[in-house]
Amino acid sequence: THRPSPKAPPRILVIDDQGPIRSFLCELLAHDFNAQIGTAATLAEAEAQLRKGWDLVITDMTLPDGNALEAITRWQAHEALPPVVLISGFLSEDYIAEAKRLGVAEVLAKPFRPEALLDTVHALLPKTPQHERHRLPELKALGDDLFAMDRKMGFVFKIFSIPHREGAHEITKRALEVAVQIEGAQGGWMALAERARNRLVWVAGSVEPSVREIRLAGSKFEALLESGEEELFWDTEPSWPGLAPQQGFSLPITMQDEPVGVLTLLGVDPAAHRDIDRRQLLALLLRRLDVLLDNQAMQAALAESVRETLIALVRTLEARDRYTKDHSRRVGDLAAKIAREMGLDEETAELVRVGGLLHDIGKVGIPDAVLLKPGRYTEREFAIMKAHPGIGDAILKHMDLLVRERQIVRHHHERMDGRGYPDRLRGEEIPLPARIVCVADAIDAMTTHRVYRKAQPLSFAVEQLRKNAGTQFDPKVVEAALRLIERGEVRSQADEAPSAEILLPYSAREDFITEA
499 THRPSPKAPP RILVIDDQGP IRSFLCELLA HDFNAQIGTA ATLAEAEAQL RKGWDLVITD
559 MTLPDGNALE AITRWQAHEA LPPVVLISGF LSEDYIAEAK RLGVAEVLAK PFRPEALLDT
619 VHALLPKTPQ HERHRLPELK ALGDDLFAMD RKMGFVFKIF SIPHREGAHE ITKRALEVAV
679 QIEGAQGGWM ALAERARNRL VWVAGSVEPS VREIRLAGSK FEALLESGEE ELFWDTEPSW
739 PGLAPQQGFS LPITMQDEPV GVLTLLGVDP AAHRDIDRRQ LLALLLRRLD VLLDNQAMQA
799 ALAESVRETL IALVRTLEAR DRYTKDHSRR VGDLAAKIAR EMGLDEETAE LVRVGGLLHD
859 IGKVGIPDAV LLKPGRYTER EFAIMKAHPG IGDAILKHMD LLVRERQIVR HHHERMDGRG
919 YPDRLRGEEI PLPARIVCVA DAIDAMTTHR VYRKAQPLSF AVEQLRKNAG TQFDPKVVEA
979 ALRLIERGEV RSQADEAPSA EILLPYSARE DFITEA
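Per this note's numbering, the sequence shown starts with residue 499, numbered consecutively.
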């Protein structure tokens, strides 16, 4: 009943919360089919769209407002559904079995070959004319980048979805599951130290050991826990009594900077373990585990720990590019100065300082090929870069904390004239803290060296602030920033002695207003 007529183009609904992934799927379908394609970013949007009638639905598994399988169950109770293609980077056997039970037409695991999706659509809509697939290599390369970004963000969400109100056993069990997935390991285990008894006690593992605790003194783990930083590698000997020898490694688990246990992952490809994304995600998981194991802390202490975890993630991100190192710290400090200059209270000054520190957290989900590109962005690359405020908002949303900081992260690229992103807010629709960070971000972007151009003098920054007050920037925020500049409280790297390392032959983009 849902097959399109031979004359009418088929109607395909694409549901995914990540804008770049959504755009990629639409472009891929348009490349192969003459179809009407609609989109939705949430299950609520999709539910409203379904009433319009579609011939096929392509949906991600996990959306901001729920699980696609649960939504399919709900929708089937009220109306007949067209064929559904489910895509996800995290498909368990239980999910696949449930999808089949619900009559899902096809389940595709990310990353998938573009041909796999196109062949699936053609099988479900056989009367639909197909175009020649001359751009598939280009689309496959784009898809690989986007799926890598999507996979990384999926792991960040998993890390922050580990429940903080559970006991140590459940927390370590869930954390181990995520660690195994991040590393692509065959298995692993966790053990916590009981120093009073000089014991290391097994608390979670992919197998049940014959021995549940070992003596700490004299073991290889003693040095690991003393240093709190080293890695212990396994090859020909078992990592725990009774286990078969497997290639792998052990890392220390810390709580309040004190080593308290061991995470071991086994059946690991050594080359893959050197991948920077995997190492960053494992470091983030261990920081999160630090917070979770210290479950007696007050809510305020938890929020502070989460902030520090995210700030550390931002610092790790910025360390990959020497030109943006310390950018977020400078933006936060300058935003706080501007807030005080505007006569705002100290609470707001601290809010914009932390918001400035976190404003680019979403860039953790941007592929390095785009993030560190020294030349001009293509339109597609710029569209990918523009996804970072929404990605950052999604990261903070999954923690139920830092609600006001989330507004800064999401809206620091909005413009007073409504031409910004991601929500095209205008004027006072934009939260004041986000307007302050927007100006601080622009000043730092202009007055520091970037991979695509040298720092501009303060006179250039003053000219641009005045020129764009009322269009890009809040005029009151600009006035406060200009007073700081006039008093010498803002400096430009252009005024410092030139560095021999800075060899920037051209400008990638001449107008800082377009910077992401």
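Hints are computed from structural coordinates only; laboratory data are not their basis. Do not take every clue at face value.
To be verified - Taking lysine-lysine and the BS3-like style, the derived pairs with C-alpha atoms no more than 27 Å apart in a straight line are:
1) K884 to K656
2) K608 to K671
3) K871 to K974
4) K650 to K608
5) K656 to K671
6) K608 to K835
7) K835 to K656
8) K895 to K952
9) K650 to K671
Said to hold, decoys possible - Pairwise CB distance ranges, derived in the manner of DEER restraints:
10) E591 to D792: 31 to 37 Å
11) A528 to D767: 55 to 61 Å
12) S708 to A781: 46 to 52 Å
13) K952 to D792: 17 to 23 Å
14) I774 to E711: 32 to 38 Å
15) I774 to F610: 21 to 27 Å
16) E675 to T571: 22 to 28 Å
Note that the structure is a prediction, hence the values are computed from the model and not measured. Cβ atoms here follow ideal geometry from the backbone N, Cα and C, with glycine treated the same way.
Consistency of the hints with the structure:
no. : hint                     : in the structure
1   : K884 to K656             : holds (23 Å)
2   : K608 to K671             : holds (25 Å)
3   : K871 to K974             : violated (34 Å)
4   : K650 to K608             : holds (12 Å)
5   : K656 to K671             : holds (13 Å)
6   : K608 to K835             : violated (45 Å)
7   : K835 to K656             : violated (36 Å)
8   : K895 to K952             : violated (36 Å)
9   : K650 to K671             : holds (21 Å)
10  : E591 to D792: 31 to 37 Å : holds (34 Å)
11  : A528 to D767: 55 to 61 Å : violated (37 Å)
12  : S708 to A781: 46 to 52 Å : violated (32 Å)
13  : K952 to D792: 17 to 23 Å : violated (45 Å)
14  : I774 to E711: 32 to 38 Å : holds (35 Å)
15  : I774 to F610: 21 to 27 Å : holds (24 Å)
16  : E675 to T571: 22 to 28 Å : holds (25 Å)
The structure shown violates the earlier hints numbered 3, 6, 7, 8, 11, 12, 13.
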